[in-house]
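Protein chains: 6
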Amino acid sequence: MVDITGKSEVYREAMARGSIHLREQTIELIKRGKVEKGDPLYTAKIAGILAAKNTSSLIPLCHPIPLTNVDLDAKIVGDSTIDVEATVKTRAQTGVEMEALVSCAAALLTIWDMTKQYEKDQDGQYPYTLIRDIRVTRKVKDRNR
Amino acid sequence: MVDITGKSEVYREAMARGSIHLREQTIELIKRGKVEKGDPLYTAKIAGILAAKNTSSLIPLCHPIPLTNVDLDAKIVGDSTIDVEATVKTRAQTGVEMEALVSCAAALLTIWDMTKQYEKDQDGQYPYTLIRDIRVTRKVKDRNR
Amino acid sequence: MVDITGKSEVYREAMARGSIHLREQTIELIKRGKVEKGDPLYTAKIAGILAAKNTSSLIPLCHPIPLTNVDLDAKIVGDSTIDVEATVKTRAQTGVEMEALVSCAAALLTIWDMTKQYEKDQDGQYPYTLIRDIRVTRKVKDRNR
Amino acid sequence: MVDITGKSEVYREAMARGSIHLREQTIELIKRGKVEKGDPLYTAKIAGILAAKNTSSLIPLCHPIPLTNVDLDAKIVGDSTIDVEATVKTRAQTGVEMEALVSCAAALLTIWDMTKQYEKDQDGQYPYTLIRDIRVTRKVKDRNR
Amino acid sequence: MVDITGKSEVYREAMARGSIHLREQTIELIKRGKVEKGDPLYTAKIAGILAAKNTSSLIPLCHPIPLTNVDLDAKIVGDSTIDVEATVKTRAQTGVEMEALVSCAAALLTIWDMTKQYEKDQDGQYPYTLIRDIRVTRKVKDRNR
Amino acid sequence: MVDITGKSEVYREAMARGSIHLREQTIELIKRGKVEKGDPLYTAKIAGILAAKNTSSLIPLCHPIPLTNVDLDAKIVGDSTIDVEATVKTRAQTGVEMEALVSCAAALLTIWDMTKQYEKDQDGQYPYTLIRDIRVTRKVKDRNR
Numbered sequence: 010m011v012d013i014t015g016k017s018e019v020y021r022e023a024m025a026r027g028s029i030h031l032r033e034q035t036i037e038l039i040k041r042g043k044v045e046k047g048d049p050l051y052t053a054k055i056a057g058i059l060a061a062k063n064t065s066s067l068i069p070l071c072h073p074i075p076l077t078n079v080d081l082d083a084k085i086v087g088d089s090t091i092d093v094e095a096t097v098k099t100r101a102q103t104g105v106e107m108e109a110l111v112s113c114a115a116a117l118l119t120i121w122d123m124t125k126q127y128e129k130d131q132d133g134q135y136p137y138t139l140i141r142d143i144r145v146t147r148k149v150k151d152r153n154r
Numbered sequence: 010m011v012d013i014t015g016k017s018e019v020y021r022e023a024m025a026r027g028s029i030h031l032r033e034q035t036i037e038l039i040k041r042g043k044v045e046k047g048d049p050l051y052t053a054k055i056a057g058i059l060a061a062k063n064t065s066s067l068i069p070l071c072h073p074i075p076l077t078n079v080d081l082d083a084k085i086v087g088d089s090t091i092d093v094e095a096t097v098k099t100r101a102q103t104g105v106e107m108e109a110l111v112s113c114a115a116a117l118l119t120i121w122d123m124t125k126q127y128e129k130d131q132d133g134q135y136p137y138t139l140i141r142d143i144r145v146t147r148k149v150k151d152r153n154r
Numbered sequence: 010m011v012d013i014t015g016k017s018e019v020y021r022e023a024m025a026r027g028s029i030h031l032r033e034q035t036i037e038l039i040k041r042g043k044v045e046k047g048d049p050l051y052t053a054k055i056a057g058i059l060a061a062k063n064t065s066s067l068i069p070l071c072h073p074i075p076l077t078n079v080d081l082d083a084k085i086v087g088d089s090t091i092d093v094e095a096t097v098k099t100r101a102q103t104g105v106e107m108e109a110l111v112s113c114a115a116a117l118l119t120i121w122d123m124t125k126q127y128e129k130d131q132d133g134q135y136p137y138t139l140i141r142d143i144r145v146t147r148k149v150k151d152r153n154r
Numbered sequence: 010m011v012d013i014t015g016k017s018e019v020y021r022e023a024m025a026r027g028s029i030h031l032r033e034q035t036i037e038l039i040k041r042g043k044v045e046k047g048d049p050l051y052t053a054k055i056a057g058i059l060a061a062k063n064t065s066s067l068i069p070l071c072h073p074i075p076l077t078n079v080d081l082d083a084k085i086v087g088d089s090t091i092d093v094e095a096t097v098k099t100r101a102q103t104g105v106e107m108e109a110l111v112s113c114a115a116a117l118l119t120i121w122d123m124t125k126q127y128e129k130d131q132d133g134q135y136p137y138t139l140i141r142d143i144r145v146t147r148k149v150k151d152r153n154r
Numbered sequence: 010m011v012d013i014t015g016k017s018e019v020y021r022e023a024m025a026r027g028s029i030h031l032r033e034q035t036i037e038l039i040k041r042g043k044v045e046k047g048d049p050l051y052t053a054k055i056a057g058i059l060a061a062k063n064t065s066s067l068i069p070l071c072h073p074i075p076l077t078n079v080d081l082d083a084k085i086v087g088d089s090t091i092d093v094e095a096t097v098k099t100r101a102q103t104g105v106e107m108e109a110l111v112s113c114a115a116a117l118l119t120i121w122d123m124t125k126q127y128e129k130d131q132d133g134q135y136p137y138t139l140i141r142d143i144r145v146t147r148k149v150k151d152r153n154r
Numbered sequence: 010m011v012d013i014t015g016k017s018e019v020y021r022e023a024m025a026r027g028s029i030h031l032r033e034q035t036i037e038l039i040k041r042g043k044v045e046k047g048d049p050l051y052t053a054k055i056a057g058i059l060a061a062k063n064t065s066s067l068i069p070l071c072h073p074i075p076l077t078n079v080d081l082d083a084k085i086v087g088d089s090t091i092d093v094e095a096t097v098k099t100r101a102q103t104g105v106e107m108e109a110l111v112s113c114a115a116a117l118l119t120i121w122d123m124t125k126q127y128e129k130d131q132d133g134q135y136p137y138t139l140i141r142d143i144r145v146t147r148k149v150k151d152r153n154r
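Protein chains in written order, with my numbering: chain A, 10 to 154; chain B, 10 to 154; chain C, 10 to 154; chain D, 10 to 154; chain E, 10 to 154; chain F, 10 to 154.
Only chain A is shown next, with the shape it has when bound in the complex (with noise of 0.2 Å):
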């Protein structure tokens, strides 16, 4: 773990984004509202949420730290992509990435979770399901904040 004893708390925020392919047809089902376990993009938004909280849990070396804001926006691009984004903010003495992260990582996780019945072939396998392209938009650190 990384001491951050003498690190001085400022401004920090941080921007994650990740993409889930899914077939086009449960797109169809998740635009209509007609996924069978309730709404996909609006339950990986409280995941997403929850598991930025959680993310010193998760990660081994992560320092616990306080939270001011995290924001997950997840939404439909083109006929079989759902992109999220994850922003999380504090006030603290180390960055927020790895929560951003965790955040982006979780809500497309819960997003696969809420459509797998509609993504399996006839062997209950995944051949279309891909969650991609997980990565760090943005890192903000602003001492005059």
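What the hints contain is simulated information worked out from the structure, not anything from laboratory work.
Treat each hint with caution, since some may be false.
Said to hold, decoys possible - In silico SDA-like cross-links for lysine to any residue, where the CA-CA straight-line distance does not exceed 20 Å:
#, chain 1, residue 1, chain 2, residue 2
1, C, K43, A, D82
2, A, K43, A, E33
3, F, K148, E, Q131
4, F, K84, F, I13
5, A, K125, B, T146
6, B, K16, A, V19
7, D, K148, C, K43
8, D, K16, C, Q126
9, E, K46, F, I13
Unchecked claim - Here are some of the chain A residues that sit facing chain C, going by a computed Cβ distance under 8 Å:
#, residue
10, Y51
11, T52
12, D92
13, V149
Quick reminder that beta carbons are idealized off the backbone N, C-alpha and C, glycines included.
Based on the hints, put chains B, C, D, E and F in the right spot on chain A.
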């Protein structure tokens, strides 16, 4: 939540895979055991196993089920990639693909956290680091085992 | 803790109910989808399902048991009340009334949290908001199922 | 989640109350220290304090905040009622009424669990037991403390 | 993680013991019910039972298994020692000695926490307090029960 | 719970130590990297760091506080003993000796779990294995740091 009350307990197994793209210098540091925070691959393994057991707290509509085995393999492939493969087994009323996916994702995120100090550019951004292609590679349901 | 070692695994189900009294204006906002923090009823449902799975960590002497289904229904009744009903099913050595009660309580508390900005008076107090009558409405134990 | 980044850290306190209605015979057993599972009031106190600290995991949009004090009082009033009062203090950017409510609810649910064997009727139902009137009785925000 | 897929579910029980050495004055305060933070022995019991249920989150390679009973006994022996004994039962594919050890350790640590204000010397150090000899005193595996 | 509302945030550090006695053959296996479940010392380190962050959930009356560093050292001393030393740092209103003790205990218990297959005798009992002398070796409170 899907009602699994009427389903019978059978042997189930799922395997999930994903990878993380890191800078070549970071991969070199891992190979030479020079990562300051510790061993990224072994830490990822521990984090992945713990996360698998925590799946029903992270993914809202997952059932809490006992697991008889979680195995996680993390290895360097090529100059800038680490592949992670998680295998989960159980004897339960529902499958364990979400547990395998959660385990794989937590391991990849842990590798990010362990190496992030070497991945940042001079502006504190992560232009190279990327988690890619998390998917279920195998699902087994065997009534005779 | 009650020793349930000698008890046999049978089908069990429990239903719990409770309600929350809110201001009429708040109920109007919910009906019109205008609550700033999101959808109180759907968020309550997710929180209630997650809480049911977490019962043995919250209630000290509860046994950790697998759940085969958790269902939560939250609906507006009249001008100022939301009713929550949680149903939990399992096949286990002990009943699930505590899981149903915990699920119901967590859902009601989540509705409070989602709407609290509209419930405060000018002094920041909550003279109207009230969680009422949480109770077990049905418990089933069926050896033939 | 409400963005509290710009809010200042001030002293905050919240008090929540609720009660549980039990059978007179059960109240008698508690008074005489004859409840087989242990001391319902003391166990409720411990469960309520632990739950307060766990609020941001239970209530999806709650901020994780440090708490400087959690106090819980559970007492018998009349022949068939136990009153629970939870007080939570902090110095933070947002209030602690949800922590007080969660603490109070967890304590009441724990009393149910500790006494449920005496509350069931011959059909295993709970026609008498009732958790009532959980509400916030006081909220303080003091910039001078 | 050991693969227990092929093992059969049998009755299993484990007992663990340990002790904590405190100052004689502290033991006197416990005996007279004068510990300001509450009852150390009863609080230890609750903490030990909760910890047993949390074993697979604390110990990375432990399997998550249902427990049919956790019992914890904490008693004063002599002038300066408290003995803790934890007994855990299950019907599962693997043993519960880790659950018994974790339960015992959590109970002993809780006693430390409850009494630490009386154990410090004038420099805020703990020259007297000592947790000793945590071990498994009995392990049972019975195919006929 | 002690009310720490009025206390000021100062630098605090605590160190806890303990040891586990194992069979000489087991120590040999660890030295030669032949333990089947993995690396007991490194796994103990990860488990100890995670446990420190989880202290306020395990020990009922502990305050949830941010930690700026957790460090854990596990090393073989002599033929049959492993010493574990946990150091925890923070800037908070209360000390971190419980976090250091919990971290140390979790690490020792993890070593037990990782090596238990070599410690059992022919009856499945553990006559040799013993966790010994967990204590706080240093506590620092420094207003000038």
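How the hints compare with the structure:
1. C:K43 x A:D82: Distance ~18 Å between C:K43 and A:D82 Cα, so the pair holds.
2. A:K43 x A:E33: holds, 14 Å
3. F:K148 x E:Q131: holds, 12 Å
4. F:K84 x F:I13: Violated. F:K84 to F:I13 sits at ~36 Å, over the 20 Å cutoff.
5. A:K125 x B:T146: holds, 14 Å
6. B:K16 x A:V19: violated, 53 Å
7. D:K148 x C:K43: violated, 26 Å
8. D:K16 x C:Q126: Given that 20 Å is the threshold and the Cα spacing comes to 16 Å, the pair holds.
9. E:K46 x F:I13: holds, 13 Å
10. Y51: holds, 6 Å
11. T52: Nearest chain C Cβ about 6 Å off; hint holds.
12. D92: Violated, because the Cβ-Cβ distance from A:D92 to chain C comes to roughly 19 Å (cut-off 8 Å).
13. V149: violated, 24 Å
Violation of the numbered hints given earlier is confined to hints 4, 6, 7, 12, 13; the remaining hints are satisfied by the structure.
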